[in-house]
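The task is simple: from the sequences and hints, build the whole structure.
The listed protein sequences derive, respectively, from chains A and B. The first sequence begins at 193 in the numbering used here and counts up by one. The second sequence begins at -12 in the numbering used here and counts up by one.
Think of the hints as simulated: they come from the structure by calculation, not from any bench. Computed from a prediction, not measured in an experiment: that's the story for all the values here. Every clue listed holds true.
Computed list of lysine to any residue pairs in SDA-like fashion (alpha-carbon distance at most 25 Å, straight line): (1) A:557 <-> B:18; (2) B:-1 <-> A:618; (3) B:57 <-> B:68; (4) A:551 <-> B:105.
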Amino acid sequence: MVPFELLLVIFISVALYIAVVLFSYIGLRRMKRDVLEQGRDAKRHMYEIAILKEIGDRTGYSLNIQKILDVIVGSLNQFLEYSAVSYMLLSPSKIVFKVDLDEPVSTQFIKDIRTRMLSSLSALLGRELTETEVEETITGAIMQGIPTGPVQSYFNIPLVIGEQLVGVLTVSNTKPGLYKESEMEILYKIVNQASQAVTKLEEVVKTEQGKIAAMLESMLEGVVMTDRDYRVVASNPAAKLVIGHKGEGALTIFDFIDAFKGVFDVRSKLEEAIKLDKILTIPEIFFGNKYYQVVVSPVKSNVGLSRGEILGGVVIFHDITHEKEAEKMRNDFTSMMVHELRSPLGNIKKIGEMMRSSKVLEDKKASSEYVSMLYESSSSMLDLVNDLLDVAKLEAGKFGVEKSPVDIKEILAERVRFFDTTARDAGINLKLFVAGVVPDRVSVDTKRIMQVLNNLLSNSLNYTSKDGTVTVICFNHKNGLALGEEARAYSVPWVLDNMPVPATTIPDSVVIAVTDTGEGISIENIEKLFNKFTQFASSVRQSEHKGTGLGLVIAKGIVMAHGGVIGVGSKKGTGSTFYFTLPL
Amino acid sequence: MIKKILIIDDDKIFSKILRDGLLAGGNGKYEVVSAFDGEEGFEVAMREKPDLIMLDMMMPKVTGIEFLKKLRNEDWGKDMPVIVETQLSDMEKMNEGMELGVRGYIIKSDYSLDTILRQVEDILK
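In C-alpha cells form, the structure reads like this:
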C-alpha cells in the first residue's frame, strides 16, 4: 500500500515537472517569436539601408527628385505588395504623374488613383489642380482589356523638400485591407530620408551659389561670364559700373558690345578665347575716363564627366587707372628732373660760349655777371643732384644719421642769425623762441638737422611776404599732451588747422617748429608736401620760389631717422607751422 | 630800323644769355626787352608791340600755350611772329604751337646762338 504522503509527493513532483516543462515551452516559443521578429526587423533594416544606398548610388548627388522617386519606385516591390505604385510631382509647367504596375489593372483603376492623387495634392496645397495639367506615364505590367477590381487599398505619402510640398507618392492595391498606417513606417522612412537628403543637398548648393554670388558681388573687378553662345550667364555690379549701365535688369552681351564699340571687341575676343582655348590679356583699354586691363578666358567644367569641357567664357575688367596715374607721375618726375638738370647745364655751356668771346671778358662788369651766373647755375645743379642722391638713399633704406650730443639751442640761434640777412632783405621779422626747460644737450646729427632747419626756414621766408613774421620755436613735449596746447601755454604762434594727428601719442621730445604768416597751403597741397613726385612737379611749376621741392621729402627722412615725427598745420591766408620732434 | 624783340622766359640766366647774344650778334639792329612770366609777358607785348617774341613754353602762372592763345585773340597780336623755346621731348607742345602760328623753334637744351641769330634775322628781314 502506497502511503498517502508518498502519493502526494509524487503528485507534487509531477505537477512541478509539468509546470517547468510548460513554462519552458512557453518561454522558448516567446524566444523563438522574438528571434523571428528580430530577424524580420533586421531584414527590413537591411532593406532600408540597401534602398537608401541604391538611391545614393543611382542618383549620385542629384537634386532631381524625379530621378530619386524612380529609384524608390523601382525597388519597392522587394518589400511591399501592391498593384501599382505611383507618384505625382509638381513642376513649374505641369504635373508629372507616373505609375508603375506590378500586375495588370484596368484603365479605370489608373484613372481612379490619378483622381485620388490629384485631389490629395489639391487638398495639401490648398488650391485646385486641374486634370489638364497632368502628364501621364505608365510602366510595368501591361494593362489588359479585362476588367480587374477597383482600388481597394490605397496609401498616400506627401513628398516634402525644404518644407515645401512637391508631390505625393502612392501605393494602391485591388485587394482590400492592406496598408495600415503602422505598417507603412518603412516607406515613410525611405521617403523622408530621400527628401532630407535632397533638402540638405539643395541647402549646400544654395550656400555655395550664395558664396559665389557674394564673392562676385563684392569683387572690385568687373566680371561677365557667358555660355558658348555668348549669352551672359552672370555679371557683377562692378561690370555694370564699367559700362556705366544704370538699369536694374540683367545685362546682355549686346550691352557690352555696344558700350565698347570702337574700343574693344568683346564678342570676338570671347570667340577667340573659347575657340582657341586660350587666356587673352589686353594690357590696357581706355574707356569711360578709366584704364582697364582686360582678361578674357575660357571657362571649363571641373566636375564629373564634362570635366575640362569649355562651358563658355569670362571677361574680367581690372581697373588700372591708379597704376597708370602713378606711372605717369613717375614719368613726369623723370622728365621734370631731366629738364631741371639740363637747363642749368645748357646755360653753363652757353655762358662758356659767351665768355670765350673777348668782348665779354674785356667788360669787367659783364665778366663778373657771367661768373656769378656760372656759380648760380652750377650750385642749383649741385643742390638738385645732392637732393636726388638723398632721396635715392631714403628709398633704398640706406639713409643713416650719426648722432652726437649737441647744444640744439645754439644750433637754432646760429641758423636764425644766418637767415636774418635774407629775412631783413625781404622785410620779414625773424624771431626765435626757446623754452627754458629745453635740455642743453640733445643727441642729433648736426649736419642733417641743420639741413632740415635750412629747408623749413628758407621755405617759410620764401612764402612770407613783406612785413610778415617767421618764428622759430623750441620747447619740450610731454607724452600725452597735444603740441598745439603746449605751444599755446608758451604763447607762441602755432597754426593748428589741418594738422592731421592730434599728436598726443608722441613720446617725450624736443619740439622744433617754424611758424610763418605766409600765404598758407591748401588741404590738397598739404597732402602732396612730403611726396617726392608731386612736390617736385609743383615746385618746378612755381619756379619763382627757389628749391628743388625735394627738401621736405628729405627733411621727413632725416627726422624719421632720428626717431621723430614731422608735420604741418596750415591755413590759407593765415600761415603755416612746420614742426618736427627729436625724442629725448 | 631797329627791331624790337621780347624774350619771355622764367629762366633768368637763359634770358640774359639770349639777350646778350641777340644784342651782340645783331650789331645794333635789335633792341631787347624781357619778361619773366606769361602774365608779365602779355603786358609787355601789349605795351611794346615787339617785332618778334621769343617764348618759353614751360612757365609758371600763364604757360606758353595759354600766352599764345591769348595773343592770337588780339588784333595787334594775331600776326605777331613768335619763336618758342621748348624741350625736345615736348612734341605735343610743338604741334599745338604750330596751330597757333609759331614761326620757329629753339630746342632749349641744344641751342646755338648762331642758329638763333639766323632764325631771328630770317623772320625780321
